[in-house]
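Line order of the protein sequences matches chains L and C. Numbering follows this note's numbering, with no gaps: position 65 of the first sequence is 65. Numbering follows this note's numbering, with no gaps: position 148 of the second sequence is 148.
Rather than coming from a laboratory, the hints here were simulated on the basis of the structure. Keep in mind it's a predicted model, so treat the numbers as computed, not measured. Any given hint might turn out to be false.
As the list claims (entries may be wrong) - Derived Cβ-Cβ restraints for the label pairs, each shown as a range:
#  : chain 1 : residue 1 : chain 2 : residue 2 : range
1  : C       : Met-288   : L       : Trp-127   : 30 to 36 Å
2  : C       : Thr-198   : L       : Ala-160   : 25 to 31 Å
3  : L       : Ser-99    : C       : Trp-158   : 23 to 29 Å
4  : C       : Leu-152   : L       : Phe-7     : 22 to 28 Å
5  : C       : Leu-152   : L       : Met-162   : 55 to 61 Å
6  : C       : Met-288   : L       : Arg-266   : 39 to 45 Å
7  : L       : Met-162   : C       : Ile-149   : 25 to 31 Å
8  : C       : Asp-196   : L       : Leu-97    : 37 to 43 Å
9  : C       : Asp-196   : L       : Ser-99    : 46 to 52 Å
10 : L       : Ile-122   : C       : Lys-107   : 51 to 57 Å
11 : L       : Ile-255   : C       : Met-288   : 37 to 43 Å
12 : C       : Leu-29    : L       : Cys-13    : 54 to 60 Å
13 : C       : Pro-220   : L       : Ser-99    : 27 to 33 Å
14 : C       : Lys-107   : L       : Phe-7     : 17 to 23 Å
Said to hold, decoys possible - Calculated from the model, a selection of chain L residues having no Cβ within reach of chain C, i.e. all distances over 10 Å:
#  : residue
15 : Phe-31
16 : Gly-49
17 : Ala-60
18 : Trp-62
19 : Thr-73
20 : Gly-132
Cβ atoms here follow ideal geometry from the backbone N, Cα and C, with glycine treated the same way.
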Amino acid sequence: MKRTSTFLISMMCFGFAFFYVPILSMIFFSFNKSRLATLWGGFSVEWYGKLFSNPQILNAAWLSLQIALLSATMATILGTMAGIALARFRRFRGRTLLSGLITAPLIMPEVITGISSLMLFIMMAQWIGWPGQRGFTTILIAHITFSMTYVTTIIQSRLASMDNSIEEAAMDLGSKPWQVLKDVTLPIISPAIISGWLLAFTISLDDVVITSFTTGPGYNTLPMIIWSKVKLGVTPDINALASIIVLVVALGVGIAAFLLTSAERRRERDIQLAIAANQ
Amino acid sequence: MSSAGWFNRRGWRDIIIASPYLWLILFFLLPFLIVVVMSIAKSAAQSPPFAFLADFPFAWFGNYARLWTKWLYVRAFFISLTNAGIATVLCLLVGYPMALGLTRVPKAAQRLLLMLVVLPFWTSFLLRVYAWMGLMGRNSWFNRLLTEIHNLVTPESWHWDGIQMMNTNFAVVLVMVYSYLPFMVLPLYANLEKLDRTLDEAAMDLGSKPWQVFLDVTLPLSIPGIVAGGLLVFIPASGELVIPSLVGNVSDPMIGYVISQEFGSNHDWPMASSIAVALLLLLVVPLMAYNHFEARAQTGPDK
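Chain C extracted, bound-state conformation (with noise of 0.2 Å):
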């Protein structure tokens, strides 16, 4: 194919390629290794506050030992991942039916509606976490208005005068699931607006329920697009640092803000860095996971 393409003069090729390739390893690659080799490093009450060579054993895994005995570590990763789950089984379930909805409405409105969940998608990331800062202080029109409703069905003695959310780890899900709501819904509507709609016909013919035909038929065929939306909204969410750290409970941190903090006001970054590894290895099963199943999707289904 080298020699076949329709771009085969030497000098442009190597141009094309090797401009990107040197800069992500320059400005990706390296930056990633330094922070490898720095997880094995010691921490050192100097600056720059870490010592390598000076100290030997070069290789020094005391940090990643300290990972797994100290339990605010151990609870930082524990509450990241389970907020992180929450808010993508959250998407999913908010995402699904919409996803499902725009391929059921006419064209013309299916547009409309496209763009509408994209826009939010393009707006700042940062000034959305902030519109629901607006939303869940407890004077705002939106906590009255729940604490209201709660007051209506409640006996008098549980009557709330304001319900507590910002600062709360609710108030990191709530806002982890509205970020990410469209991450889940795009690729959900690009795998579900692909399905053949004549086979829920031929299931309707055969005698299927509307509900039958959405868990035999829709459900399963829409798998890849529920993996690919999960990973999208679940990988980011547990590495997350602007929603907890704006709305979230500083005493419930997640792992990207206990980072940050090893990182910058404690000046450990041997520590933030084997934190930021161990994050990254966390990461990679759930994609490799999803890497197997999809090379299995693509041999065609288990017999």
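Isolated chain L, as found in the complex (with noise of 0.2 Å):
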């Protein structure tokens, strides 16, 4: 038992260092004074200042940013009704194709996808005239598409996990459906709501492949800006971004993470207070 152990710990180890060694040794050489990206050449911030500087990359951060937060609320919107019908509504016309509309996208390689989008909206354009240009509209909407498939899993398996007796108790009880809809299964499922907020927002955040094929002239997404000056080799402001996208990320996984698990201990310690004051 305890020799496997020892192999179990150096192989996370092991693990742990893969995954974090390279993230490390970037934002390191983002500090790199000198141009060659990976020689060192002393420590110096001016790379984070001469991205503060550039337009180029504060415009298409500020895009990316619209484009994740308007995608995530309206596909936390259509995912989560498209949760509850699939996990509540157990009879309906059309159920078998729904569920497979939702399990479809996930495993759709990104360029099949990105392709069959621009093909719809060339084909729209030619048909009714919309969209006249590819932009802002087209890469929303292949977003939402995408990334809508990833909150209704997370919304239908908390549904599943969840009792439906306590809805059933609140009809019992008078309430209405939207009364029950509102006071009772959106309020316990608001963990599962925000997590899938978050999943949609990074997706559309990180997004490149679709975004490169659903776009028009003009409209460059931060990924996309990334994309096409990593193909030109590492450079240090690159390094530079990346460690500000990582930490950002990282901040605010940690932090999303820390408010849910207290307010999922907070709901349970409630729950079994009820519990207790009932008997």
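Got two chains here, separate frames each, mind docking them using the hints?
Below you can see the structure in the form of structure tokens.
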């Protein structure tokens, strides 16, 4: 038994080193004075300064942020609806098709999703004259489509593990269906909704393949700028940009995880107290 | 159930069902059908670069025939599937002990470590590929370290002055393992965490050695986790576009790259579509095998 755990612990150390050494190395070299991104030439923060005075990068970041906020919100609304439909409405026409449509984008390679969306937009422009030009709206539509399926999966599994007798009890006590939804179901699944939104937000913020197929002239998101720069090689300013993004995301995920677990704990304690008070 | 359900007022129900439904039909199913139809069209040197009804026969399977006869496509399919396969096996080899280890550490540490597994999954995919580009260049500290180690253990005449890592198939597999490892660890952890540890103890009491316990108890019980993790790695890896275009060798293209080239540079939309359909068909086969497997697992172990 002792030997096994030593083996497991060393494998875990290897695994975590594998996860974090490349990222830490990238952050380290973002403080490199030298223009050569891989040779150490002394400490410097000049690349960070250059980044914040680069209008191309700032504009792209702003565009990415707008698209991510809007698409995550829309995807969460649609995804939550689909999750409720699949988990709570047992029988309706086309249920199988809907659940198929939810899982298909998850396994569809991004290139294919990107190409098929682009073909749709081109065809639509021919048939109905819309969208006249690809850009903000077409990127937004594509992002909503593929991120809503992630939200649905999260909501659906949350609802499946939740006891629906609480909802039935509310019904028996005279709540109308929309009141049950508003006062019982949505608050209970709110952690899932928040994590679904966060996932949709980061997926949108990160996407480069589908965006590059659905974008139009003048609409470059941050990942697309990074993509075109990275193709030419490793540079210290991209190291700096990448480090900022990684740190912001890590901080965001850390805070969100902390808030979600403490909210969960509080809710569990409330339930315990309520049960105790009734006895 | 539909009348006894908690949300039976038709109006609300219909809106909740119809909105995501319509959205997905319009923006996912319809584009996909366009691809399928496009795959049996003919390419044409005009804009848009395809022709349908003009030159019948409408259903033209020439693209699919070319798929099997042109070496470039066959080779790209082969490279994609082997790369994805190797990456999946390596993910399993690294991810399994990690997942098992996670279930064996104290609860408080478990939370933190799990968080550390999830974190790379949330940070940008593109940037994780980029982080490796920094390590694989000929002058990077990592490459020089590996070169030094190599030169220490080999005779003088075999010495290298840096390892060619960038733009190789090796780089593609390495970065794929890196990017998809969380997809292997998380389902495996979920599976292993639920296993009943008393089974291990029983096997130990009956005289099994630790490795026998692992082979006879833990491993067979974790097969659903292995399959789920394997699919989560294998399927996206076989259609990968970002990794091969950034760190791969352009003369050894993977199929995702070929699709984007046919579509973008060659303007051969019908060919790109039929490659896409063929790739999807190839991916559906392992999924159907998985569904079959899962259905059998739910009806109980075979006798």
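Hint check:
| no. | hint | result |
| --- | --- | --- |
| 1 | C/Met-288 - L/Trp-127: 30 to 36 Å | holds (35 Å) |
| 2 | C/Thr-198 - L/Ala-160: 25 to 31 Å | holds (27 Å) |
| 3 | L/Ser-99 - C/Trp-158: 23 to 29 Å | violated (57 Å) |
| 4 | C/Leu-152 - L/Phe-7: 22 to 28 Å | holds (26 Å) |
| 5 | C/Leu-152 - L/Met-162: 55 to 61 Å | holds (58 Å) |
| 6 | C/Met-288 - L/Arg-266: 39 to 45 Å | holds (44 Å) |
| 7 | L/Met-162 - C/Ile-149: 25 to 31 Å | violated (53 Å) |
| 8 | C/Asp-196 - L/Leu-97: 37 to 43 Å | holds (38 Å) |
| 9 | C/Asp-196 - L/Ser-99: 46 to 52 Å | violated (31 Å) |
| 10 | L/Ile-122 - C/Lys-107: 51 to 57 Å | holds (54 Å) |
| 11 | L/Ile-255 - C/Met-288: 37 to 43 Å | holds (41 Å) |
| 12 | C/Leu-29 - L/Cys-13: 54 to 60 Å | violated (46 Å) |
| 13 | C/Pro-220 - L/Ser-99: 27 to 33 Å | holds (30 Å) |
| 14 | C/Lys-107 - L/Phe-7: 17 to 23 Å | holds (21 Å) |
| 15 | Phe-31 | holds (13 Å) |
| 16 | Gly-49 | holds (20 Å) |
| 17 | Ala-60 | holds (13 Å) |
| 18 | Trp-62 | holds (17 Å) |
| 19 | Thr-73 | holds (14 Å) |
| 20 | Gly-132 | holds (16 Å) |
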